[in-house]
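Engineer: The lines below spell out each chain.
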Amino acid sequence: MKLIHLAHRGEAQEFTKNLDLVAHSEINGLYLGEKIAVLISDEGIYNTLSKISLCLGKFKFDKILNFGIAGALDSKLEIDEIYQIRTSYSFGDKPEFKSFTSKTNSIIDCISTHERVLNLEFANKLSSFAKIVDRELWAVGFAAKQANIPFESYKLISDYAGKTDCFDIKNKALSFSEKLFSFYQKLEDIETPNYQYTPPISMSFTNKARYEKLITLAVNKYEYTEELILEKINTHEIINEKIREKAKVSILLNRIEEFINPINTKAKFALDQNFSIFTKIGAKVNYDKNLENKSFSLVMEINSQTNLDNLKRSIDLFNMSKHNQIWNGSFDV
Amino acid sequence: MFEKIFIEKDIKDNTYTKKVLTHFKDTPIQYLDKVEDVWGRVKKPYLQKRTSLNLFIGKKMGELVKEAPDAYGMGEQKHYYFIHAYNCIYECQYCYLQGYFNSPDIVLFINHDEIIQQMQKKVDMNPDSWFHAGEFSDSLALSHITDEWSEYWDFFKKNKQAKLELRTKSVNIKSIINLEPLENVFVSFTLAGFEEGKKFDLKTPSVKARLKTIEKLVNKGFKIGIHFDPIIYTESTIESYNEIIGFIAKLIPKEKLGYISIGVVRFTKDVYREVERNYSDSSMLHQNFIKSFDGKVRYSTPMRMWILNTVKDICIKNNIDENVIYLCMEND
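These protein sequence lines map, in sequence, to chains L and X.
Sequential numbering of the first sequence, starting at 1, is according to my numbering.
Sequential numbering of the second sequence, starting at 1, is according to my numbering.
These are computed hints drawn from the structure, not numbers from a lab.
Keep in mind the model is a prediction, meaning the values are calculated, not measured.
Do not rely on the hints blindly, as some may be mistaken.
One side of the interface only, derived from the structure: several residues of chain L facing chain X at Cβ under 10 Å [as the list claims (entries may be wrong)]: (1) P95; (2) T101; (3) S127; (4) A270; (5) L271; (6) K294; (7) F296; (8) W327; (9) G329.
Glycine is no exception: its CB is placed at the ideal position from the N, C-alpha and C atoms.
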């Protein structure tokens with residue numbers, strides 16, 4: 001469900017009139033529909049933050065859309081035009097460090113103030129940071145960030161900040177609301193395509209997730225298609241092997257991993273070969289699979305003198321200098 | 001180029017300020033007390049440099065010449081970097097500036113006389129010190145606008161034991177090409193393979209163009225440094241470095257090649273997060289990076305050692321003197 005946020009009842013009137021909504025019994029200013037809700041928060045950062053947070057706590061929203069009137073801080077912006085906002089800043093007694101950016105190609109930023117902008121000096125100060133000033137957007141961005149959902153904002157320019165006295169919003173409210181609502185109706189929802197990769201062998205849910213992760217990595221790294229990657233790692237050979245399905249899955253996933261990171265694979269192979277003196281006698285060698293920490297540990301169950309003798313001999317024969325060489329990058333690639 | 005220019009009130013009549021402004025006659029100007037009143041006060045997303053880049057001109061206060069971290073430059077001498085600008089017009093995907101400052105806006109500092117005074121103090125203590133330009137910005141990219149290098153040249157002419165390094169990926173050598181080449185001044189270029197340069201060094205001059213610039217400088221008698229850093233591993237890394245090192249070996253006579261540094265890509269945690277945000281579809285990110293011993297994100301130890309040694313071997317095979325090669329290892 002999407003949450004449409006507006007600060008003033010006047011701005012919101014066309015939204016609440018034309019969308020199929022019911023006023024919520026507990027949260028004043030919230031109107032709920034099937035796929036959409038409208039929230040009228042009242043003016044200011046605190047009102048906005050508290051009301052949106054309340055709504056986000058009670059209902060599951062996947063996006064916040066902010067609409068509203070705002071003042072221009074740049075004379076190149078036109079009155080009555082609607083601009084999509086890129087980054088939202090805030091200014092109380094001083095600029096607030098945090099900023100919130102929405103996904104857009106717009107290059108217009110907005111700064112939300114705690115006080116109305118009543119003089120040019122203040123407007124000039126704000127113009128160092130953004131081209132538009134409002135009273136709420138930063139709170140919308142903040143709440144969206146906390147809830148880990150995206151936000152978009154569309155601002156209708158009502159005046160040049162600091163150049164006009166407090167103008168009469170009530171008389172113009174209907175016209176502002178009509179423009180904003182008509183703009184909202186034209187907005188097209190562009191959904192990001194969701195790519196899905198299908199493993200060539202049936203596998204468990206966990207392995208499927210791993211397969212998707214690995215294929216995504218390989219596709220992005222080499223800019224190959226899934227089909228080409230599967231061809232390059234000889235998938236048909238794995239499929240035709242007369243082994244259990246589980247083993248096929250394991251080989252497939254390992255091959256993709258090797259394909260993504262051939263050097264680490266070679267380094268691990270060289271280490272494993274050097275450790276084979278221990279693994280052959282039944283000892284287990286544990287080492288950092290990330291290949292960052294050079295140390296390793298040996299685990300072996302001892303239940304006879306032979307085990308102990310084998311281990312002693314293997315320790316004597318282990319090639320530590322070869323081990324160091326591998327860590328120093330000397331292995332065949 | 002710039003959306004707006006912010007200038008500190010106290011330096012609006014400074015010669016360097018005026019020189020910069022002659023290049024931007026139509027750009028709106030706003031005066032402020034200190035650059036820091038606006039620059040970095042709010043978190044401005046890095047990629048907004050593509051569409052809304054501002055220029056700040058100010059005076060740098062405090063320490064202007066700082067001791068460089070370990071693994072910075074070769075030799076036993078003292079290494080310092082000096083701060084004459086913040087941020088860069090280029091957009092290398094691995095650049096640490098994207099996680100370093102809170103704004104991508106460019107800052108130019110104009111108090112070069114004070115930087116030079118601080119350099120003199122360092123040289124008085126350690127005459128053979130190195131001074132590196134380009135730690136927080138490309139040292140030449142905007143030099144046709146700032147035109148400061150002749151002032152530094154005078155200093156290095158007088159202090160022959162001290163050394164200057166101008167680090168760059170730029171081909172903009174207008175401001176230095178007519179200066180007298182000095183034995184103690186090195187113009188150093190960061191290079192990668194031709195394809196890697198195209199892929200990861202966005203908005204920079206191509207590697208081919210950088211090589212041509214090196215050729216021009218060599219012909220004029222300048223000394224050159226080369227940074228193969230950061231190396232980003234791709235399927236064709238070794239072929240690429242074979243190719244580029246071959247070019248370098250032919251292009252730069254032994255006596256003109258000051259040094260070659262070799263380093264592998266690495267990020268601090270913050271920079272890596274920014275890179276993921278800014279270039280989420282970059283093939284550079286789809287590799288097995290690990291969190292390393294010092295919290296940095298990099299390749300595994302054997303992998304980075306293999307890359308460093310392999311590229312070093314290629315240099316040696318191309319008859320580059322081993323003594324001018326140093327590896328950026330950061331206490332590995």
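Engineer: Please write out, lowest number first, the hints stated earlier that are contradicted by the structure.
Structural biologist: 7
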